[in-house]
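First to last, the sequence lines map onto chains A and B. Counting along the first sequence from 1, when you hit position 73 you're at 73 in this note's numbering, and nothing is skipped either side. Position in the second sequence counted from 1, then plus 1000, gives you this note's numbering.
These aren't lab readings, by the way, just hints derived from the structure by calculation. Given the structure is predicted, the values throughout are model-derived calculations rather than measurements. Don't take every hint at face value.
[Stated by the list, open to error] Residues of chain B clear of chain A, computed beta-carbon distances all greater than 10 Å:
#	residue
1	1073
2	1104
3	1166
[To be verified] Which residues of chain A face chain B? A partial, calculated answer using Cβ under 10 Å:
#	residue
4	24
5	30
6	63
7	115
8	116
9	189
10	191
Each residue gets a CB set at the ideal place from its N, CA and C atoms; glycine is no exception.
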Amino acid sequence: MSSLTDTAAHAPAPRGGIAQSFSDSLVITKRNLIRMSRIPEMILFGLIQPVMFVVLFTYVFGGSMQIGNSTDPDVYKNFLMAGIFAQTVTFATAGAGAGIADDMHKGLIDRFRSLPMARGAVLTGRTMADLVQTALTLLVLAVVALLIGWRPGYAAPTDFGKIMLGFALLLLLGYAFTWIGALIGLSVRTPEAATSGGLIWLFPVTFLSNAFVDSSKLPGWLQPVAEWNPFSATVQACRKLFGDPGLSPSDAWPMQYPVWASLIYSVLIIAVFRTLSVRKYRRAEG
Amino acid sequence: MPGAIHAEGLVKTFGDVTALDGVDLDVPEGTVLGLLGPNGAGKTTTVRVLTTLLRPDSGTATVAGVDVLEHPDEVRRSIGLSGQFAAVDEYLTGRENLQMVGRLYQMRARAAKERAGELLERFHLADAADRPARTYSGGMRRRLDLAAALVVAPPVMFMDEPTTGLDPRNRQALWDVIKELVSGGTTLLLTTQYLEEADHLAHDIAVVDHGKVIARGTSDQLKARTGGERVEVVVHDREAVAPARAVLARYGPGGRGPDDVSVEEHTRKLTVPVTGGAKLLAEVIRDLDAVGVEIDDIGLRRPTLDDVFISLTGHAAARAQEDGNGGGLQRKEPAA
Ligand SMILES: Nc1ncnc2c1ncn2[C@@H]1O[C@H](COP(=O)(O)OP(=O)(O)OP(=O)(O)O)[C@@H](O)[C@H]1O
Ligand SMILES: [Mg+2]
Chain A
1 MSSLTDTAAH APAPRGGIAQ SFSDSLVITK RNLIRMSRIP EMILFGLIQP
51 VMFVVLFTYV FGGSMQIGNS TDPDVYKNFL MAGIFAQTVT FATAGAGAGI
101 ADDMHKGLID RFRSLPMARG AVLTGRTMAD LVQTALTLLV LAVVALLIGW
151 RPGYAAPTDF GKIMLGFALL LLLGYAFTWI GALIGLSVRT PEAATSGGLI
201 WLFPVTFLSN AFVDSSKLPG WLQPVAEWNP FSATVQACRK LFGDPGLSPS
251 DAWPMQYPVW ASLIYSVLII AVFRTLSVRK YRRAEG
Chain B
1001 MPGAIHAEGL VKTFGDVTAL DGVDLDVPEG TVLGLLGPNG AGKTTTVRVL
1051 TTLLRPDSGT ATVAGVDVLE HPDEVRRSIG LSGQFAAVDE YLTGRENLQM
1101 VGRLYQMRAR AAKERAGELL ERFHLADAAD RPARTYSGGM RRRLDLAAAL
1151 VVAPPVMFMD EPTTGLDPRN RQALWDVIKE LVSGGTTLLL TTQYLEEADH
1201 LAHDIAVVDH GKVIARGTSD QLKARTGGER VEVVVHDREA VAPARAVLAR
1251 YGPGGRGPDD VSVEEHTRKL TVPVTGGAKL LAEVIRDLDA VGVEIDDIGL
1301 RRPTLDDVFI SLTGHAAARA QEDGNGGGLQ RKEPAA
């Protein structure tokens, strides 16, 4: 048996920089994915919720919504899907926040903080694991959407590449929002607070938008809010890329160039909230 | 030259609680310092400052020659930490936990895997290696945590109450591990509430109370200040007290004759400070037998933390602060 003080087992010199950041984040991502796989009910609830939303919205509001000049439930159904997809990815915020709040108040965080690991890796690993979970949820949701009658290309021609780009923008938005969740998780005392804190602000963000209603039918003062809402940009981008009906005709820049707007918004959110979160993580004293 | 662990004037307050009130420490390379103190003395806070987890309000510290406040990242490469409460991921298996730690010390995947296997064997966790840590008993978790602290064979180790919650067999196994580490050149700071443990493992002992080091020295030096060991005898009947006292006086520190021996008449108990340990007991029994004293009980009593405290501070260790973290179960003296 080899000795406990075997110098062969001394810590190798850290590679430092991006390479180490990346590999440490992957180690933590793997850790979180293993955890998630051992708590499968969490994944299950994460799946049931958006599926319920799709079904409820389609059949409850479907007949009474006017999109452009149409009240055809089929139009609303095809209009709705991009909104539900986008809303679903933003819900990853709450999971990430709760997970990080939980980690911060367990002894394990002391282990991490006493290791020569990259500073942001605990948070980055968690957000990347959430991204994997979001992708899985989105996949299931897309299948359900197709089953109940979503038809990409319903209103305008599309192709596989565009559809994939749409989903990529959705995942990027979801990833950006997990960093907001991370900051919330680092700012509260309990995982429960992070869950509710991570959810409440999502309601105004996702409803004061073009996700569920035609934004041109909102009260006048709300229209600019909805049109400049980062969340709306991704919804509009998806509708455009998927060939869905109900594109906002607004002159607002994010509605005119939604793919770019979505990309810029998400990258900005990541840059700001990742910086704030990592700083807060480093300052937090157990 | 400063030691592998060196601290000067560490102060840390939490609100109006002064956890550290100017702690100075120096641990020469390759030695063990036992940090001894009651609940709330500041042991954990000291360890957290030295392991980069907490910034002190003032004071300086170096570990392995590196400034803890200026270059925490560099310090982290040289230390292993086993905190007071096990820091393991409940949903990961023991093996996954150790592999993860190895990877975060920047070991290659293969090396991390091999090391995890070795440590699991070493800490008697091989059978449970592939079960989530959530299913481990308290002692198993503690051992997993210690294994995690040893993943890279760090030159400087910190263990905060490492034997709390371990059964006698595993406590002995841990003592063996610690001795092996030290003979391999590792510098170790361990905290404990048990003088016996510090005595057994540490070269030097620092006694802390209310955030201050109130005494330091080898265990012999401390014991000398505390009165050291005592032989306690309970004789069978009252008439035997006087002859027993005369016999015991021969073993006392000398000079005061029978006054060295304290007597509790109603319990027929006689106590005398001695030096010489367990082998002395046989002689005492023989001598008492020779004068025809019948005894009910005889034993060697070692100084306890309480004794050290009473002699150093004039007050007993502040039991009121006891927070019931399980320490109470560990009061028994380990077999010497
Ligand atoms: N995060 C904190 N916030 C407030 N007070 C704290 C904090 N950490 C420690 N303290 C206080 O600092 C003092 C020293 O605590 P510390 O944990 O260092 O004691 P200890 O010697 O390790 O005790 P024990 O034997 O119970 O583990 C205590 O009075 C404790 O209440
Ligand atoms: Mg403590």
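Hint-by-hint comparison with the structure:
1. With a closest Cβ-Cβ approach of about 6 Å to chain A, residue 1073 (chain B) is found to fall inside the 10 Å limit, against its non-interface label.
2. Its closest Cβ contact with chain A, about 4 Å, brings residue 1104 (chain B) to no more than 10 Å, contrary to its assignment away from the interface.
3. With a least beta-carbon separation of about 17 Å from chain A, residue 1166 (chain B) lies farther than 10 Å from that chain, consistent with its non-interface assignment.
4. Taking 10 Å as the C-beta cut-off, the interface hint given for residue 24 (chain A) holds, the closest approach to chain B being about 6 Å.
5. The closest approach between the C-beta of residue 30 (chain A) and any C-beta of chain B is roughly 8 Å, which is under the 10 Å cut-off, so the hint is satisfied.
6. Because the smallest distance between the Cβ of residue 63 (chain A) and any Cβ of chain B comes to about 46 Å, over 10 Å, the interface hint for this residue is violated.
7. Proximity of residue 115 (chain A) to chain B holds as hinted, the smallest CB-CB distance being about 5 Å (cut-off 10 Å).
8. Because the closest C-beta pair between residue 116 (chain A) and chain B is about 4 Å apart, less than 10 Å, the hint holds.
9. Look at residue 189 (chain A): its Cβ only gets to about 16 Å from chain B, farther than 10 Å, so that hint breaks.
10. The interface hint given for residue 191 (chain A) is broken, as the beta carbon of that residue sits about 14 Å from the closest beta carbon of chain B, more than 10 Å.
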